[in-house]
Amino acid sequence: MFAPPQPHAKAAAALGLIARCKPPMCSVLTARRLQRPFVTDPIISIQGLTKTYASGFQALKGIDLDIREGEIFALLGPNGAGKTTLISIICGIVTASAGRVLVGGYDIVRDYRKTRAMIGLVPQELATDSFETPLATCRYSRGLFGRKPNPAHIEKTLKQLSLWDKRNGMIMALSGGMKRRLMIAKALSHEPRVLFLDEPTAGVDVELRKDMWALVEELRRDGVTIILTTHYIEEAEAMADRVGVINHGDLILVEEKAALMQKMGQKRMVLDLTEPLAAIPNRFTALGLELANEGRQLVYTYDTQAERTGITSLLSDLRDEGIRFRDLTTKQSSLEEIFVSLVHAGDVS
Amino acid sequence: MNLQGILAIYRYEMARTKRTVLQSVVSPVVSTSLYFVVFGSAIGSRIQEIDGVPYGAFIVPGLLMLTLMMQSLSNASFAIYFPKFIGTIFEMLSAPVSFYEIVIGYVGAAATKSLILGAIILLTAWCFVPLRIEYPVVMLLFLVLTAVTFSLFGFLIGIWADNFEKLQVIPLLVVTPMVFLGGSFYSIDMLPEFWQTVSLFNPVLYLISGFRWSFYGIADVNVWISLGAIALFLGLCLLATWWIFKTGYRIKK
Ligand SMILES: Nc1ncnc2c1ncn2[C@@H]1O[C@H](COP(=O)(O)OP(=O)(O)O)[C@@H](O)[C@H]1O
Ligand SMILES: [Mg+2]
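In order, the protein sequences belong to chains L and Z.
Counting from 1, position 210 in the first sequence corresponds to residue 210 in the numbering used here; the numbering is continuous, with no gaps.
To convert a position in the second sequence, counted from 1, into the numbering used here, add 1000.
For the record, the hints were derived by calculation from the structure and aren't laboratory data.
Errors might be hidden in some of the hints.
Stated by the list, open to error - Listed below are the simulated DSSO-like cross-link pairs for lysine-lysine, each with C-alpha atoms no more than 27 Å apart in a straight line:
1) Z:Lys1084 - Z:Lys1018
2) Z:Lys1018 - L:Lys166
3) L:Lys114 - Z:Lys1084
4) L:Lys114 - Z:Lys1246
5) L:Lys179 - Z:Lys1018
6) L:Lys148 - Z:Lys1084
Pulled out of the complex, with its shape left as it was, chain L reads as follows:
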């Protein structure tokens, strides 16, 4: 269903987008896509970006990344990985130490007016002027970004985010979830082509999280490119087309979501054997079993998302072979472990 990440075929990615969307949204998107050539320059191009804070701490260690127009890109990484720093540089809040960033082909420092006008930012921290009204604050945002007033657009945005009823009340009176939506409305009020969502669901309950996912999907239909950060795998899974994994200021990998999910969806089952095994019997070679702990453990790696995990047949086959075990544990690789293995894999290759 997903286009493979082949560099020669950006068109494939575009097609992948179309192929994946459901009929109602297809019309809009297809129309947009067809008006432009399939092969387009990336909307954002990050080259050799580093950041060393005044404290001497290096938060980014040479990031290279291209974001395609119209995609949803999830930046996945644990706390302190450098996600917010990366976003802040692109948006102009933090100055980079080295490297450069192009947005829509323009340099974010030299042509900052052009690049910033294209970008909307919803920061990690909720920061709102409590004494303002949602309507006034959205108008302000639009003006600040250099756009002429457009009441119809502000109305549409506030309605889309279910804030229209609250437009003339004080922001103070909004709930946390509403405030977060208001931050999104503000970021959208100047009709940006790119939207950054920094941890949009941090500290948000499950219900609201689902709403957020639906909203992101809706924005994508409008053709907005979305870059979001998260430290939840499931969130990247639910929303993104592509995922970049960042850790300790390094971008460890960038992959189509489908490929990544396969890597991350693996689980290991470990059997503690009663008697150590010298070798794995031939009939199991196809399953890719491994021996560990000097033959005292048998390890089976399987895909949780596959139709059949093969566990039942493995267990009955083991009994047929007379291999007995005392204990059985299964373990899903945690994000941390995946990071470790990814970094490790990077060292080897």
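With chain L's structure known, arrange chain Z with the ligands on it following the hints.
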């Protein structure tokens, strides 16, 4: 030039004034008016005229200047400090506005407020004391220059301050004494010679003297020196603004 951006900041700030009208307009007008009532009507009649001007009228330009300066400082410094404090500054930093556009928006709004306030106070003064304005254009010039200069000064304080204490310390410990010792309530002729000399080092004296001259044609120092002094101070503030921009000593990390 992002004209819409400047306008957005300006309007936002003016709207904030409307919301806080009690604190930002009514309160300074009332407290200044109290001086007029007390000195103009109550004790003023028992104090001698100064250079032919009744005492109540004599103090009006100085008091007006005092309010103008203090309000410009506190308005502008708070206006830029507040978004830093609550975190909404991120939006301005990520917007396609330059540092100078931000300055124009904030300083323009703060100066406008001060001028509105000045007008109200002037009208109020008229009710209590016999006023006359001999050189209205010069008066207006002083008002505008002072409002702009001190708003810019306040803006710089707001950028520099990283806590509430710093925000208050310059207006309270430096400007207030200078304003009170700058001849709002007396002519420096009335001081002993030594203190007259000391007073000449107080920049506020030149402002008040020049401003009073535009009302009654009497001054402690030549009005051109006064205009030169405020122009010089404005130049210094602009220089500081430019320097802040140049050295990247800003709100950014
Ligand atoms: N202003 C700063 N000064 C020094 N270090 C900082 C500053 N801001 C962030 N850091 C550090 O940079 C690293 C990356 O932070 P951040 O980009 O916020 O990570 P993330 O958003 O992925 O959680 C962290 O270790 C953090 O402590
Ligand atoms: Mg962060």
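Now for the hints, and whether the structure bears them out:
| no. | hint | in the structure |
| --- | --- | --- |
| 1 | Z:Lys1084 - Z:Lys1018 | holds, 21 Å |
| 2 | Z:Lys1018 - L:Lys166 | holds, 21 Å |
| 3 | L:Lys114 - Z:Lys1084 | holds, 25 Å |
| 4 | L:Lys114 - Z:Lys1246 | holds, 22 Å |
| 5 | L:Lys179 - Z:Lys1018 | holds, 24 Å |
| 6 | L:Lys148 - Z:Lys1084 | holds, 26 Å |
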